[in-house]
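**Student:** Line by line, the protein sequences give chains A and B. According to numbering that gives the first Met the number 0, the stretch in the first sequence is residues 0 to 160, in order. According to numbering that gives the first Met the number 0, the stretch in the second sequence is residues 0 to 105, in order.
Be aware that one or more of the hints could be misleading.
[Stated by the list, open to error] Which bits of chain A does chain B cover? Going by a derived footprint, with three or more residues having C-beta under 8 Å, they are:
# : region
1 : 55–66
2 : 99–111
3 : 120–132
[To be verified] Now the in silico label distances, taken between C-beta atoms and shown as ranges:
# : chain 1 : residue 1 : chain 2 : residue 2 : range
4 : A       : Asp88     : B       : Glu80     : 17 to 25 Å
5 : A       : Ala44     : B       : Glu55     : 21 to 29 Å
6 : A       : Ala75     : B       : Lys10     : 22 to 30 Å
7 : B       : Lys12     : A       : Pro39     : 40 to 48 Å
[Claimed, not checked] To give a feel for the contact side, a few chain A residues facing chain B, derived at Cβ under 10 Å:
#  : residue
8  : Ile95
9  : Ala114
10 : Val150
Hint data in this document are derived by calculation from the structure and do not stem from the laboratory. Even for Gly, the Cβ is constructed at its ideal location relative to N, Cα and C.
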Amino acid sequence: MSQYPYRRATRRDILKAAGALAAGCGTATVLMVPAADATPAAMQAAIRKVIGEAPVRQGKVTLDIPPLVENGNTVACSVSVESPMTPNDYVKAIHIFNEKNPQPNVISMHLGPRAGRARVSTRIRLADTQSVVAIAELSDGSFWSATTNVVITLGACLEDN
Amino acid sequence: MTRALINVPPKAKRGEIIAIRTLISHVMESGFRHTNTGAPIPRDIVTSFVCTYNGEEIFTAELHPAIAANPFITFHTVATESGTFEFKWTGDNGFSATASAAITVE
Chain A
0 MSQYPYRRAT RRDILKAAGA LAAGCGTATV LMVPAADATP AAMQAAIRKV IGEAPVRQGK
60 VTLDIPPLVE NGNTVACSVS VESPMTPNDY VKAIHIFNEK NPQPNVISMH LGPRAGRARV
120 STRIRLADTQ SVVAIAELSD GSFWSATTNV VITLGACLED N
Chain B
0 MTRALINVPP KAKRGEIIAI RTLISHVMES GFRHTNTGAP IPRDIVTSFV CTYNGEEIFT
60 AELHPAIAAN PFITFHTVAT ESGTFEFKWT GDNGFSATAS AAITVE
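Please model the entire structure based on the sequences and the hints provided.
**Tutor:** Written as structure tokens, this is what we have:
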């Protein structure tokens, strides 16, 4: 036995660990409250802060996120925008926002006519089931958006360590 | 130690649209978590990413805590001339990392 200083996890251990984890997440929910989570209103405010007062229209943007995600710590997310990407007509920036993380901003990416194709992807964190918004800023000053709902089974639990 | 992984095609035809994939190892500590004793863990994230192609800025990004650990970003550019791509990440606590990749355009 001395060769194996650790013992195999028994069913009891696993149940205990699961209980502790659940309790931990429970505490997290309680502790999260004073952190003032982003709300749809906070997201709108954040969007206005980034893009100003310009009207945002639906369309042109495709936001690809799996509709059902098991682990909110890493969610693959890609955004593409219909644009010819010529020096006169191109996508200047792509912003991503969320509703229910502690902060509404996710990422802002700045492209140019040299990008050739307005398609970017990254991996994001999502704390809860919510909708994610991608907004594209075109060179003519117009803004286009797409919204996707994502169901998260296990959120980016704020207290896990 | 910081490790950056860059994926740029080594060769491309002039005018071809190429995909660039980047990944940097970083914890991206959100600043919203607490230790077991309840002490807040301070924020430690990468806040900005810049890519230049032969000295000209072609892509920049501002990152927030909602970006997953080990930030992974992909984007495209038109291969115009042979040269180098320079990548730079900067972040909290004076974090800074660079990487580069060469491309031959025919």
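**Student:** Please name the hints from earlier in the document that this structure breaks, with their numbers sorted from lowest to highest.
**Tutor:** 1, 5 and 10
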